[in-house]
Structures are given as C-alpha cells and as structure tokens.
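There are 2 protein chains.
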Amino acid sequence: MSIYLHDIPLDQAQQVFLAALTQAGLHQVLGTEVIDLTEQALDRVLADPIWARLSSPHYNASAMDGFAVRSADTIGASETKPLLLRRSGQFSYVDTGDPVPVWANAVIPIELVDGLDLNEQLLNDPRHAQFIRIRAAVTPWKHVRTVGEDIIASQLVLPSGHLLNPADLGAIAASGHSKVTVNRKPVVSIIPTGTELIQIGEPVKPGDIIEYNSMVLASQVLRWGGIPKRKPIVADDLKLIRSAVEEAAQTSDLILLNAGSSAGSEDFSAEIVRQLGTLLVHGVAVRPGHPVILGMIHLSNRSLPIIGVPGFPVSAALTGEIFVKPLLERWLGRTTEEPQTISASITRKITSPAGDDDYLRVVIGKVDGEYKAAPISRGAGVITSLVKADGIAVIPRSIQGLEAGSKLSVRLYHPVSQIDNAILVIGSHDMTLDLLAQYLHRYNRHLVSSNVGSVGGLIALSRGEAHLAGSHLLDPSTGEYNVSYLPQYLADEPVKLVVWAEREQGLMVPHGNPKQINSLPDLLRDDVTFINRQKGSGTRMLLDYHLKKEGLSAELIRGYQQEEFTHLNVAVAVASQRADCGLGIAAAADALQLDFIPLFNERYDLVIPCRHLRDGLLDPIFKLMNDEPFRREIGKLKGYSFERMGEIIIGCNE
Amino acid sequence: MSIYLHDIPLDQAQQVFLAALTQAGLHQVLGTEVIDLTEQALDRVLADPIWARLSSPHYNASAMDGFAVRSADTIGASETKPLLLRRSGQFSYVDTGDPVPVWANAVIPIELVDGLDLNEQLLNDPRHAQFIRIRAAVTPWKHVRTVGEDIIASQLVLPSGHLLNPADLGAIAASGHSKVTVNRKPVVSIIPTGTELIQIGEPVKPGDIIEYNSMVLASQVLRWGGIPKRKPIVADDLKLIRSAVEEAAQTSDLILLNAGSSAGSEDFSAEIVRQLGTLLVHGVAVRPGHPVILGMIHLSNRSLPIIGVPGFPVSAALTGEIFVKPLLERWLGRTTEEPQTISASITRKITSPAGDDDYLRVVIGKVDGEYKAAPISRGAGVITSLVKADGIAVIPRSIQGLEAGSKLSVRLYHPVSQIDNAILVIGSHDMTLDLLAQYLHRYNRHLVSSNVGSVGGLIALSRGEAHLAGSHLLDPSTGEYNVSYLPQYLADEPVKLVVWAEREQGLMVPHGNPKQINSLPDLLRDDVTFINRQKGSGTRMLLDYHLKKEGLSAELIRGYQQEEFTHLNVAVAVASQRADCGLGIAAAADALQLDFIPLFNERYDLVIPCRHLRDGLLDPIFKLMNDEPFRREIGKLKGYSFERMGEIIIGCNE
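Chains as they are written, first to last, in this note's numbering: chain A, 1 to 654; chain B, 1 to 654.
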C-alpha cells in the first residue's frame, strides 16, 4: 500500500503521457473507415480530401422555366418590338434544371414570352407553341447554369481534416461521390470499480454510492465523438478488476478505470497498470483530480492507454475534460476548439494550495456592465458545482490565493448570451427562490443565487456583486423589517424594497418531536443540541431578538456556535441527528419530513438597487409576482403567505 | 398553372405560419417521453424540473481514508504531543465514502495516525490497530461529507427546459432519479420530388440531378434535435406526390416537400397543400429561397405543418435554417442560441433586389486588425457557396445595395478563432493554391481565395482586403514579371515578392484537337471560337503581349470579348463546347481531359505586404515551400516547375 501519491505538475503529466502515446504511434488519427454518404456522415472528420469527380452542374442547365434559344436570334427584341421565333430550330421549351440543347446558348424566361399556335393565335400554355413572341433579347449564356458553375471536376471540394457540416454533405454528393473516407471513432471502455457502488435505480442504503461516473464519462465521450462502452461494476478485488481491464483492452482504444485510484485500501488501479504495462503517472497536481493515473497497457500486438479516473464525481468529470478530450480530438483529427473565455472579477477572496493547478468553478453575472465571478463549492464530491458552473478558472500552481476583486480569466461552459441573462441574487436564502428560478427559465433568465445571509446580501449589493438581495432583517426597536438597515449598508444607493413573502419561523425537530422541544426556553436544556444560522442572517437576528426579549442567555445553548448557511442545511443537520433542533422556516422542515413548531412571523423582502431596474433584466421577476400559475404553485408551500407579494415598501423615483 | 408567385415579406410569412401553428396547438413543446437515465439522455431537454428525491451524500460520509473519531476526544493532540485512542468506542477505520458511525463526528486522515498493536508496537498497516496515536486534533465534522453537502432532498436540481449536459446527468442520478421526462423529438419526413432526380451513387447523364437536398435537410434536422425520415424520390405526378404526402402525414410532425415549388410545369406542391389542407404562403421575399410554400395539412384527428422547400440547394438549406430550425427549437423547448455575429466591412460593392431580404454568403478574414467580408457566389444553385461561407449577412429588403467598405453584421458559421486563422489570398488563380489550402489545414490555417486576376489582386492588397496576392504580370518592355507593376499599384507599401512556380501557358483544345489549332495565328480563323480571360489577368496580358509581338489583331478573334475568371473555367468552356480553345495552364487542361498546346513559359509569384509577415499568420506558407512531402505532391502537377519556389525577388527590410 502506498500512502503518498507522486504528484507531478499537470503539464509534465501531459508531456509524459504524450511521449508514451507517440512511442506507441497513438499520437495521431487512429485509423480511417469508408462510410456511405448519408446524413450519418454529419460531424465526421474527412480522412482524405474530396477532389471533385464530376462538375456541378455536369451539363449546361437552364436556370429558369422558359425557352432555350440562340442569343443571336433574339437581338433587337423588346416590349414594344417583340420578335417571332419558330419551333423548328429556333426554340425549345426547358424547365429549370433541364439541359440546354447544344445549338442553344441562352434561355428566355417564360414570363417574357407569348406562345402562339400555327395560326399565330395566343395560347394559354405556351409550352407547346409553334411560334413564340419574345419581348426581350438575351445575352449569351443568360439564365444558363454552365457546366462547373458550382464545382469543376478535379477541383478541391474539401480538405482532409474537415468536420462535415450539412452543406458539405451536399457538395460532396454534387461532386460525384457516394462514399467518404472519415477518421475512425475511438472506442472508450469505462470500468467502474468499487464494492460500495450500486447501479442507478437500485434501492439505496447508508454506505451505498450510486454509480453514475461511468454515465457522465460516457456522455462526455459521446459528445467528443468517441464510442463509449460502459462496463458492469467490478468489486474491489485485484484479480477481478485486472480481468475486466484485460478483457476490455482487447476491443478498446482507451480504458477509463474509475475509482480505486486514491491511496486508500482499495487502490488496485496503479498495481494493475504496473502488471499489465507501464505506470507513467500516479497523481497529478491538479485540484480536484489529484489521484489521476496515466499508463499504457501492452498487448502482444499493440499498446493502448489507460487512465485511472478518480472516484469523486467532480474529479472524474474534470479528468475527462483535461485528459480524455484532447486525446479524442487527436485521434479524430479534430482541431481543438479554444473555449470562449471572459475576464471577470472574483467576488470573494480565495486561497488555493501552492503547487496545484486549481480548477475553480464559478457562476458569472454581469453587474454594472462588469462580469463578476462568484466561486462555488470546491468539494470534489459536489457534482452540482459543475451543474451550476458557468465556467472554470484555473488558478495556476504558482499562485496561492486571490483577493476579492482580482481579475480572472474564465473558460465558459455557457454562451455569453446566457451569462448576460443571468440574474445574481444574494443574501438570505428562501426556498421560493428555487421555484422562481424554475419559472424565470421560461423568460430566458437564469437565476443564480448565493446564500450569505441578509446582511451579507446588503454588503454584496453595495459592492456591486449582485442584482438584488433577499432580506428579512428585523429592527428590534421598531419591529419593522429591512427599512432601517438600508442607510447603514446602502447609504448612497437608491433602492426599491418590495415584499416577496411573509413566512413563519419556528423550530424544526425530528418527526414526533421526541425531546418535546416546544419553545425558546427549551433550547437551554442540557439534553438539547441546537444548530444555529450564521451571524448576519435574518434568522439569527430573529433568534437573538427573541432570546433577549425573553431574557434567555445564548451562551447556555449547546450548539449555538455551530452555524449553517441555509434553512435547508439546518433541516439536514436535524434530520441527520447532528442536532436536536434548529430555527427555520416551515417549508424546510417539510422538505426533510421534520416536525415544525411555529414561533414567529416575519417578512421577507427583495432589495433592488434602482439602477438595476433600467435594462429590463429583472422585469420577468415583477411579471411573475402577478402571474396566476406562479402564485398558485408557490402558494402550495407550507408556512408562507403571499398576500402582500409585490407590495412596494420603498419605490424608485423614476 | 400560376406563373407569378405571391411573394410576402419574411416576417409576415413567419407570423402567418406561427398563427396557424398556434391555432393547431403546435406552437409549443409537442409532447414528452420518459426515458432511462443513461448517456443517451445527453442533449435532451427536461420536460419536468428535477426535484431531489435523495440527498447527496444521503449519509454522513468520510471524505478521506482514515479514522472516524469524536472531535472532543482529539482536543490537544499535536505532532509533538500525540494522543492515544483505543479501538473500543474511540475510533473506527473508514475508507473514503464509508459512512461515519453515529457516535463519531470527525475523521482523522490516515497520514496523521500511527497504528499500534495490543503491545503498543507500531504496525505497518494501521487499519487493524488496537490503539492509534493521533498527531493532530480535528474540529467537528472535519473530513466528513455531511448529508446533503451536495444536494438536499426536495431541492430543485434542474429546471424544466434545461438542455442536459454530462454533469447534469450525474446530478440527476445523485438526487435519486433513474428516469427523466424529456421533450419528445419531432419526426420530420423529407420527400424529394422530381422526375429528373437520381440517387447519390447512380450513374449520371445530362439532365440528371443528383438528389442530395434530402440528405442536407436530414442532417440539419439531426443537428437540431429532430428525427429525420428520408422518403424515396417521387416522380413529377400530382397523384403520386399527394399519396406520398398523405402517407408521410400519418407518422410525421412536419413534412418537407422538396422541389416542385417553383412556378414551373412541375409545380404540384401548392396544389397538393390546397387539396389536403390550407395553403398559407406561396412565395417569400427572401433571396435565395423565394418559392417557399408554407401550409397546414389537416388529418381527421390533427393538423401538421408542411413546408414546400425550393429545389436549388442553397435555397433548400437556407429554408431549413429560416423555417425548420425555429420550429424544431419551439417543439423541443430549446432556447434559440443567438448566432455569434461580428461586424465586418464588405470588400466590394453589391446590389441587392429591393423588396427581398437577401442572404449574402461571405468569407471573412482579419486584415490589419479589421474583419473584411468578401461576398461569394450568390447563385441559389451554388452549394459550395455555403461550404465556403464563414457566415451570412442579411441585407434587409429596404436596402438595394451597399458600397465597398460598408459595415455589415455577419452571423458566423465558424468560431471567431477559425476566422482569425484565415489567410485571404487574392489575385490570379493557380490550381496549386488548392493543394496549398489542403496542406495549410494541418497548421490550423484556412486559405480563402478570391480570383480577380493579377492586377485586381494588387489593387485589393493596396486596399487592405487580403494578406497576399498571386500575380504573373509580364512587363512587355523588360520581359520581367511583377516587379515593375508594384510601384504603380503598391507605391507606399513595402512588399515581399517570392517565386511560387514557373508554369507553361498554352492553348487548351478538345481531346484530339479536332480543329487543329496549334499557334496564335490559328485563333483568327473563321471556324475557331476562342474563350478569353478577364482584363487585368496575367494570362490576358500574356496573350495581348504575344498577339502584338506577332502582329495579330485581337479584334479578329471570335470570342475575344467573352471572359472567364479562372483557368479552370476556361477549360470548362472548352470541354462543354462553348468555345474551341482558350489560353491557360496545362494543369487546368489536364483536369478536364483536354489537350494542351504549350506556347510560353511564365512566372507566378506571391506578393506579400511586409506588414502581414509580422504576426506569424503566414509562416506556415513559408514552411510548406520547404516541406518535402508538399513539394513532392505539388510536383506531380503537369506543366509546372517548382525549382525556383521560395526564391526571394524582393525582400522585406527586417
């Protein structure tokens, strides 16, 4: 068992890997195949250039419905002085696309012709005329698509290495081909290992881990043009895993061996790579993704690369992006599309481990014309950090941290247009914001929320880090919400203050309330552990206000120092027995099937700097406040009243 | 038979169509389906939001390999003052991902622990220790992924309408789902009609048109997320086409009826739509694409839209983009991705018909830091105009033309990074540039060429419209090439002049030289029709120089006024019997299987303003001049000598 991984810098790991691939001849397109020219050739990469076999058009073709004529015969014809041509030798009817006879060199459109019968009487349908009266002259080759107008036989139609688009397929057909030689798709086998793994859809018990990394990796491989093969889960047994790898090697171009690559007791991946080939790299200095393994497996007739993919889902997905994507691009002959990047200022200070390239997931919004990047959870296990991320910023290993406001270059996952439609909401968390996000999607708006408590939200607004904040700050002297706090945090900033909801706050306790906690004084009991909200949050202020009012000492509450950042997280702490109770809203208790002891009512407002109301970005929020289906849906949540939703406490003067 | 189409403006056509779709309830997502959660769900659109059924982690999980402990038991432990814990009740070994026992609330990583046996002797493997010596204290919940760290049951994971990415699939699985409800894919039937149509791969004779529009449309439908069904070719027979439409209607959401929509003799589409439902629009004021038909087909239990797609390939593909793409986006609930646009100045004056929205295909390059858009062939039959196009600019129907240098907004087909790597070469055409394009692709360079003749190329360079020009201008007084023309056209512009090739110019005549044309004097014969190159081209100058030298009068040459713009087009004119001979290079004659009568030798140079050599864009061209495989490949072309390739006639002073 090796406890310490040999971490080498990312660029060095990539070099070592590429050198081994080059030695095995696997640094370039893997091979080619000939396929029929159909719509299935879309997005394939040409292995050979397409040289035209046929001109297009391959004959002189009429470009109009009309009459093929000799240009010379039409000289002098005009509206006022039409000319008469005879059927024998002077004209011939042609539809669009018909060949122009060899004796003709122009076409007169049917609209400029009268058809006459043998007696020179006007015909309804001039197509079978014996004579035609033409009302215009035509120059040579007018309304004729001459041979090769589009493509000339022998010309280069498309170079090798070209990614085929719809119109390309048409051009290849037009130039006389019915097959194309394209680069072969690499086969990537994905082997999940781990005794604790269960399949998606199986019943779940503590300790079970739902195996979805192989699906995420497979979908990445699909997107990048490869053929993924998901293999069954293999238990933590060196021999079993080794057999699975040996078997997959026979039919694969690349093996992704998932999990088992940390230095823990189930670390067989490195050993298997050593046994079956060459272990190149064990541990790369990237975060998340550290325990990546890179190696080559040697078969009797060829070698193939194997990547030990870390088990944490964010590490697994990033390993795909960092190591699998470039390899597939190389094998498919696809040019790497540089990801779009934007420069954004980071909203809070971050520290980053020295020596590691740190892949920081961020959400981005445009506030006051500037892109602001808010870092999201950095845990390797937090798959939702990838779901929510608008992009990734790489903090190079030479940098140990960044101050708030520093500029970052962010590689975007989403188009800039989507980021420009992001609404950044900060401050106190409320579950109804999830529903708002869901409905805003229909208006092409993306609600991005950070939970930093009510006061944190007002501070963030003052720093221009968000478009609006949710706040429920009680003024102990007046009993009024939010109004008196604005001068303190947003002195020079005119804001709109609008009621979002009124909600019950109360104690969340396990189902059946086993410890019979029913009032604030119960929190001081020796057998009761409380879980608190963070300083600056409205809930914390509400608690402190009422503790003081009832003359109770916070110091006597066990767990008062232990803080969570959202109502739901407090509910989770109670549900998972980390605490006996916490203060929060009914909806959160409901979501986790906890009992709820209502104590107080409070108002939750939206605080919106007036300057953010000018460009229409936030308009859909106000539309939804009056939208019946939305109000009906939100009204189903327990412990809320939406009677006053939309009521303006402070307006903007415009 | 109706000759005149009822052309209405595009926005009006779209409104009429949308109104009819809305009336039939077809203006929104068509329906949903439940599919298994696998990698095949990639790129599908969620019909329902995903609310978490399960928290993730769904238990308190160790985040490290190490020992689960009570935080309180570890207080005071340090490197210098380790603490001893006993197996019974004080620690328990856990791998990463294992559940943390209920009595524990923290994990100490294995690296910070020594394992001891019953006699307090150090063990190699601490996992089965009876005692452990811990060298650090841990705070509560340190190295524990608590329940819901990633996802809390009941939370919104993804909103409806979301397009599924790889990480999303993982998050859905983690939140306890094994199926997803997604928007159903629309089925689009494509019916090609036309007696003149043949299938891809069939032998071709004059008048035959290779049917590839259905493939282009099918690949568009695939790319936009629909299910294309290509139907067999139907002959021009109203009853047959009607049956095909009726049959397809039973199993389709949309029918694309291709060709037959012009006002010609095979115009059955409008009639069939009238018979089976409602003809909404017959002709839209867009270029290309005029004869589009929009209608609804009424079945006993439902209606469905039908689009009569024009037969010319560019019109067909643009009809897909203009009418089919938005419909599929609507039906799939995909948000329209705004195409990236850039502002570019147009390189030459264009006229545009009043009353039509004109879809102008352009190639784009960055010259002197500014994007320049060069319009390419505007023919509706020229599919290669879509292949070559970097983007499309719409000239609105209110504008009848644009002066050279006007700014255009161009919707890009390619990423800006590709456009930034485009090399614009202008001037005289040479076939070896096709081969150069092919090889440059490997260096991530895209050669975009415009053929305007040698003098046109020099003028374009002086206007900053290209990076380099190909030129073979003979000075009649010195017999030298190009040098003496530079002061006239590029007076203030230091340029590099480098030899590309020497080539034979001669007469291209049909195989066997039936009219025995062997010298310049033969061109004056009464039975000989010549095809000329345009004024300003090097070949034209060469001809005029030698005519004068031999005392021959250009006026006596039949066809002297008839001009083509490239060597290959001259060859095509001879091959298609539009002329008996033309002056050009051997390679062009060879490509069209013509005989070649060599007359003169000439030098073809590259002219490169020195300022374009500074940013490395053109470096690969110079690399290739010395690249053995390239020189070998190019050396196979008949009538060229590449001995002097790369020789510098005029250098840049840097």
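Warning: the hint list may mix true and false statements.
Part of the chain A face toward chain B, derived, beta carbon under 8 Å [what the hints assert, rightly or not]:
hint, residue
1, Leu30
2, Gly31
3, Val34
4, Ile35
5, Glu39
6, Thr146
7, Ala153
8, His441
9, Leu568
10, Leu592
Which stretches of chain B does chain A cover? Using the computed rule of at least three CB atoms under 8 Å from a CB of chain A, they are [unchecked claim]:
hint, region
11, 87-98
12, 165-174
13, 283-296
14, 504-517
15, 629-637
Once the Cα atoms are required to be at most 27 Å apart in a straight line, the calculated DSSO-like pairs of lysine-lysine come out as [claimed, not checked]:
hint, chain 1, residue 1, chain 2, residue 2
16, B, Lys205, B, Lys231
17, A, Lys179, B, Lys366
18, B, Lys179, A, Lys142
19, B, Lys349, B, Lys366
20, B, Lys179, B, Lys81
21, A, Lys205, B, Lys179
22, A, Lys229, B, Lys535
23, A, Lys229, A, Lys239
Honestly, the hints are just simulated from the structure, not real lab data. For each residue, glycine too, the CB sits at the ideal point set by N, CA and C.
Does the structure break any of the earlier hints, and which numbers would those be? 1, 2, 3, 4, 13, 14, 15, 17, 18, 20, 22
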